[in-house]
Amino acid sequence: PTVSLRQVLENQVDPELIGNRLVLIGSTAESLNDLFYTPYSSPFTNTPQPAPGVVIHANAASQILSAAIDGRSPIRVWNELGECLWILLWSSIGATVHWGLLEIDRQRQRITARWIVISIYICLGGGVLFTVSYAAFLAGWWIPLIPPLVALSGSAILITAEQIRKLQQQRLELAIQKFKLKQEKIQAEAASAAKSQFLAKMSHELRTPLNAILGFTQIMSHSSELSTEHQEYLGIISRSGEHLLQLINDILDLSKIEAGMMSLNESNFDLYSLLDGLEQMFRIEAFNKNLKLVFEINPNVPQYLKADAKKLRVCLINLLSNAIKFTQAGSVTLRVDLELLRQVIGKPDKQREQMDNKLSTASVAHNLSSTSPPQLQLRRLLFEVEDTGSGIAQTEVDSLFDDFVQTKTGKQADQGTGLGLSITRSFVQLMGGEITLNSVVGKGTVFNFFIQLEPLNSSATIHSFPPQYQDVSPSKLDLKKSNYTYQQSNSFLLEGLAKMPYSWVEKLHHSTLRLDEQVILELIEQIPEEEAMLAAALRDLLSNFRLDLLHQFTQSVLDKSGNSSDS
1 PTVSLRQVLE NQVDPELIGN RLVLIGSTAE SLNDLFYTPY SSPFTNTPQP
51 APGVVIHANA ASQILSAAID GRSPIRVWNE LGECLWILLW SSIGATVHWG
101 LLEIDRQRQR ITARWIVISI YICLGGGVLF TVSYAAFLAG WWIPLIPPLV
151 ALSGSAILIT AEQIRKLQQQ RLELAIQKFK LKQEKIQAEA ASAAKSQFLA
201 KMSHELRTPL NAILGFTQIM SHSSELSTEH QEYLGIISRS GEHLLQLIND
251 ILDLSKIEAG MMSLNESNFD LYSLLDGLEQ MFRIEAFNKN LKLVFEINPN
301 VPQYLKADAK KLRVCLINLL SNAIKFTQAG SVTLRVDLEL LRQVIGKPDK
351 QREQMDNKLS TASVAHNLSS TSPPQLQLRR LLFEVEDTGS GIAQTEVDSL
401 FDDFVQTKTG KQADQGTGLG LSITRSFVQL MGGEITLNSV VGKGTVFNFF
451 IQLEPLNSSA TIHSFPPQYQ DVSPSKLDLK KSNYTYQQSN SFLLEGLAKM
501 PYSWVEKLHH STLRLDEQVI LELIEQIPEE EAMLAAALRD LLSNFRLDLL
551 HQFTQSVLDK SGNSSDS
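Quick note: the sequence shown uses UniProt numbering, first residue 1, plus one each step.
In short, the hints are calculated from the structure, not lab data.
Hints are supplied without guarantee of correctness; some may be wrong.
[As the list claims (entries may be wrong)] For each label pair, taking beta carbons as the anchor points, the in silico distance ranges come out as: (1) SER92 x VAL8: 55 to 63 angstroms; (2) ALA190 x GLU530: 46 to 54 angstroms; (3) ALA191 x PRO299: 29 to 37 angstroms.
[Claimed, not checked] Keeping only pairs whose Cα atoms sit at most 25 angstroms apart, straight-line, the calculated DSS-like set for lysine-lysine is: (4) LYS195 x LYS182; (5) LYS289 x LYS325; (6) LYS306 x LYS325; (7) LYS178 x LYS166; (8) LYS180 x LYS195; (9) LYS560 x LYS499; (10) LYS507 x LYS560; (11) LYS182 x LYS166; (12) LYS292 x LYS443; (13) LYS201 x LYS310; (14) LYS201 x LYS185; (15) LYS166 x LYS195; (16) LYS310 x LYS325; (17) LYS289 x LYS443; (18) LYS443 x LYS325; (19) LYS185 x LYS195.
Just so it is clear, CB atoms sit at the ideal spot from N, CA and C, and this is done for glycine as well.
I would like the entire structure built from these sequences, with the hints used as guidance.
Written as structure tokens, this is what we have:
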């Protein structure tokens, strides 16, 4: 109980309140600010407000006396073993739980994130420990607070430090491994480049003697003095040599692609002339197998375009050759179409739709004229090669465009090297396109690809693609006796050579016998500009290693010139 100072001065205090008791004299006035918070200053207890100092002393003295009278300690504590186990418990909690948190966060692999996790964990763990200690104190138990908190924090910090050390070690090992892989990649690229350069050089060196073999076998095949058996032997040599030449050309192209040396050589060319040459090239082969060879060209496809004509020709040759090779009955069809981009600026929707309809029905030849609307632009030239052959299994489609990969049918036929489609895809991609295929086993295969191109204006210089040359004897090159096909493919070359000086033709003739490509190139450079078609045709013969045909042409022109001078 508490009495006021006025009660004491007026002698109004009950003697029983003082007798046999400890009396503490002090002030409880709030104006003196002698107030203190205690663990019991909580809304959950009877004294939620701060207690005056004299009240605190009174309660402390009362507790001491009560404990002394009852023979008990004022606040209950654990023994040393209990306190040690308590500290060890929180150390174990700090290690195991924090390890689990780090394992959950393991995917991030960030040191900063790990320190954030440990900070949050220590705060949460400390809060739980403080709450438990406070509740125990209210119940009269004194539980250690600081040592468990230090154990909790220390174990968490040690675990984090160990994890960070392992993480840094892994990063170091990863950096070393990455450096080794980079070095190995550089070495592999250098080895690949050296291999490609070696293949390119060897392929070029091999083609020169092979050209001599092919050239002279073809010249000898026109001789009437050879027996039928010897003609068959020459045919075997010629076919084997051509197969080897194709293989060398494929390896050379592949090595250039791997070395990154393959580039586009775009020029203005006559697409119709190119397709006509391909049709003549494969006509006889298809006829010999009783196959129907069909070329379907959409009328909207323009005749003159700008693209890499040689690479386009190689792509079509590879696809048509495979189609005819693996088709035993039916037909092989090449389709050429055009994809247009229609764009009309500043027109209402109805007018734009009407103009789109007009553009879709207009021919490309008309649109490429001087009056064509500028809104129409060519984007893609589409090609489709369809055959009725044996087809390709779906399991073989995914790897069909890889290097040296052949289908089961191709392996059984023992034809080709598995490079044609790989080179075709590389060339198509180089020209800004893509190639795909659809095949049904037993019904046939359809290859589709497109290339990016642009139309030509009327002032562009056109390089006509010479038709495929025919293997004919010099006697058959007489224009009076030749049929229409021979006139179309060879007459322009004979006429062009006839316009050149006799000494120039004679020198070219002897150079073909010596297989001197350098001299032939120098002679081609001497051709006047007005005979650019002749120069292009001669370069085409030289690039295709057909010096035997060039020898026949020059021989025919020299014979005619000699006959004219004699008469």
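Results of checking the hints against the structure:
1. SER92 x VAL8: 55 to 63 angstroms: 59 angstroms, holds
2. ALA190 x GLU530: 46 to 54 angstroms: Check passed, 49 angstroms falls within 46 to 54 angstroms.
3. ALA191 x PRO299: 29 to 37 angstroms: With a Cβ separation near 52 angstroms, ALA191 and PRO299 fall outside 29 to 37 angstroms, so the hint is violated.
4. LYS195 x LYS182: Judged against 25 angstroms, a Cα distance of about 19 angstroms means the pair holds.
5. LYS289 x LYS325: 9 angstroms, holds
6. LYS306 x LYS325: The given pair, whose Cα atoms are some 31 angstroms apart, is violated under the 25 angstroms limit.
7. LYS178 x LYS166: 18 angstroms, holds
8. LYS180 x LYS195: 22 angstroms, holds
9. LYS560 x LYS499: 12 angstroms, holds
10. LYS507 x LYS560: Given that 25 angstroms is the threshold and the Cα spacing comes to 16 angstroms, the pair holds.
11. LYS182 x LYS166: Holds, at roughly 24 angstroms.
12. LYS292 x LYS443: Distance ~16 angstroms between LYS292 and LYS443 Cα, so the pair holds.
13. LYS201 x LYS310: With Cα atoms ~21 angstroms apart, LYS201 and LYS310 stay inside 25 angstroms; holds.
14. LYS201 x LYS185: Judged against 25 angstroms, a Cα distance of about 24 angstroms means the pair holds.
15. LYS166 x LYS195: 42 angstroms, violated
16. LYS310 x LYS325: Since the Cα atoms of LYS310 and LYS325 sit roughly 22 angstroms apart, the hinted pair holds (cutoff 25 angstroms).
17. LYS289 x LYS443: 18 angstroms, holds
18. LYS443 x LYS325: 15 angstroms, holds
19. LYS185 x LYS195: 15 angstroms, holds
Hint violations for this structure: numbers 3, 6 and 15, all remaining hints satisfied.
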